[in-house]
Structure formats: structure tokens, C-alpha cells
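K.L.:
Could you build the full structure based on these sequences and the hints that come with them?
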Amino acid sequence: MSRDISLPPRERDLLAALVACAALAIASAPWALGVPMLNFVFKPLATLAIIAYATGRGERQGSSGTVRRWVLVGLWLSLAGDVALLWPKEGFLPGLVSFLLAHLAYLVAFTRRQRLAAWWPAFLAYALVAGLVLARLWAGVPAALQAPVVAYVLCLASMAAQAAVLWRRAEPRGLVLALGGALFVASDALLATNKFAGPLPLANLWILTTYWSAQWCIASWLAPRAPAR
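First residue of the sequence shown? That's 9 in our numbering, and the numbers climb one at a time after it.
Treat the hints as calculated values from the structure; they're not laboratory data. You may find that some hints are simply not true.
[What the hints assert, rightly or not] Beta-carbon label-pair distances, calculated as ranges:
id	residue 1	residue 2	range
1	97	159	17 to 27 Å
2	211	158	19 to 29 Å
3	17	151	44 to 54 Å
4	139	234	41 to 51 Å
5	126	31	14 to 24 Å
6	232	120	33 to 43 Å
7	211	129	25 to 35 Å
8	232	177	36 to 46 Å
9	151	234	33 to 43 Å
Heads up, the beta-carbon is just placed ideally off N, CA and C, and yes, glycines get one too.
P.N.:
Below, the structure written as C-alpha cells:
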């Protein structure tokens with residue numbers, strides 16, 4: 009018997025809105041339409057579509073309600089980071105702090121399901137990845153940003169590793185969560201390379217595609233709501 013894996017209409021509409029807003033934000037780049045205002049309008053709207061999607065998922069009561077609240081906190085902090093990074097130079101540090109706090113919020117959510125570092129190989133693997141990325145980019149990181157960047161990478165790698173813990177421990181929808189963590193690491197590695205090591209071809213295409221895919225995966229970890237009777 010085939011299994012119906014189609015999204016409910018509301019979630020399908022929000023996914024379509026995300027794709028449309030993401031495409032317009034990415035197309036704002038000089039190599040595409042070259043209209044910066046598109047990024048200012050549609051980049052926040054894309055993340056708001058994910059927030060709306062997450063708001064319609066998850067249980068509101070008990071421990072599941074706590075998990076849901078912390079995921080939503082992480083998404084709202086991510087939106088604050090998105091807005092800050094609309095000004096890449098002046099907003100970089102506020103954006104970094106916003107996303108650092110977002111990863112901490114996700115960590116709180118994930119550790120409601122499994123204790124921190126319950127599967128140590130995930131933390132070892134992400135520590136190695138983080139170390140390699142930092143070693144590759146360190147020479148280009150200004151002295152004033154070195155401490156915040158190290159703190160951020162630590163939080164990001166811990167979030168992704170804890171997501172992998174939940175997958176390893178057979179948490180429902182753990183695979184999509186682990187994928188979200190890995191995509192977030194990939195997105196930020198691309199962003200950091202573009203900023204500290206030199207421009208990448210089609211940078212915002214790869215950075216934003218992996219970023220919004222990561223956030224959608226994290227939101228999808230929340231249980232779908234039972235249909236109303």
C-alpha cells in the first residue's frame with residue numbers, strides 16, 4: 009500500500025511562499041536581477057514563512073510544548089539575525105550574536121529529548137569539522153571578531169551534533185533534524201568563507217538555499233498537529 013506523504017494545504021502554501029520569497033531574495037544579487045530592495049523585503053519574509061510553518065506544528069502542552077517554544081524562540085532569533093545581516097558590515101556582529109542565541113535555543117529544545125552529548129561521536133565529528141573550518145579561515149578573521157567567532161562556532165557545532173544525537177537515538181523525525189543541523193553548518197561555513205577568505209561564485213545562492221533548507225528541516229522536526237475532529 010502506498011503511503012500519502014503530501015503536505016496539508018496550509019503547510020504546502022507556506023512551503024510555496026518560502027520558495028517564492030527565497031527565490032526573490034536570492035535574485036536580488038548583482039549576478040541576477042541586481043535589485044537590493046528585493047533582499048530587504050523577501051529575506052525576512054522567507055524566514056517568517058518558516059516561523060508560520062513551525063507555529064502550526066508541535067504540541068502546546070507539557071514537555072513537547074517546551075520543545076516547541078524553544079524552537080520558535082530559535083526561529084525568531086534567526087529572523088533578528090537575518091535583519092541584522094541585511095547590513096553585512098555594521099550588522100555582522102549583532103547578527104552573529106542573534107544566531108548564537110538561536111543555536112542555544114535550539115540546544116535547549118533538543119536537550120529536552122536527549123541529554124547533551126549522549127552520543128559522543130557526533131560531537132567529535134562536528135568538533136573536527138569546526139576545527140578545520142576555523143583553521144582554514146582564521147588568518148582572515150579580524151582580531152576583534154575572533155572571540156565571538158569561536159563562541160559562535162562552538163554553539164553551532166554543538167547544535168548540529170545534538171541534532172545528530174536525536175537521530176542516532178531514534179527520535180521521531182530525527183533524520184530530518186540531523187539534516188537541518190548539517191545544512192546549517194554548511195551554510196555558515198560558506199558564509200564565513202565568503203566573508204573571511206574571499207568572494208565565492210553565486211555566494212548568496214548557496215548560502216541562503218542551505219540556510220532556509222536547514223531552518224525548514226528544524227521546524228519539520230516538530231510533530232505535525234493532529235487533524236481537528
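K.L.:
Run every hint past the structure and note whether it holds.
P.N.:
Structure-based check of each hint:
1. 97 x 159: 17 to 27 Å: With a Cβ separation near 20 Å, residue 97 and residue 159 satisfy 17 to 27 Å, so the hint holds.
2. 211 x 158: 19 to 29 Å: 23 Å, holds
3. 17 x 151: 44 to 54 Å: Once the Cβ atoms are compared, 52 Å apart, the range 44 to 54 Å for residue 151 and residue 17 holds.
4. 139 x 234: 41 to 51 Å: Check passed, 44 Å falls within 41 to 51 Å.
5. 126 x 31: 14 to 24 Å: 39 Å, violated
6. 232 x 120: 33 to 43 Å: 18 Å, violated
7. 211 x 129: 25 to 35 Å: For residue 129 against residue 211, whose Cβ atoms are near 32 Å apart, the range 25 to 35 Å holds.
8. 232 x 177: 36 to 46 Å: Cβ of residue 232 to Cβ of residue 177: about 21 Å, so the range 36 to 46 Å is violated.
9. 151 x 234: 33 to 43 Å: Cβ of residue 151 to Cβ of residue 234: about 53 Å, so the range 33 to 43 Å is violated.
When held up to the earlier numbered hints, the structure conflicts with 5, 6, 8, 9 and fits the remainder.
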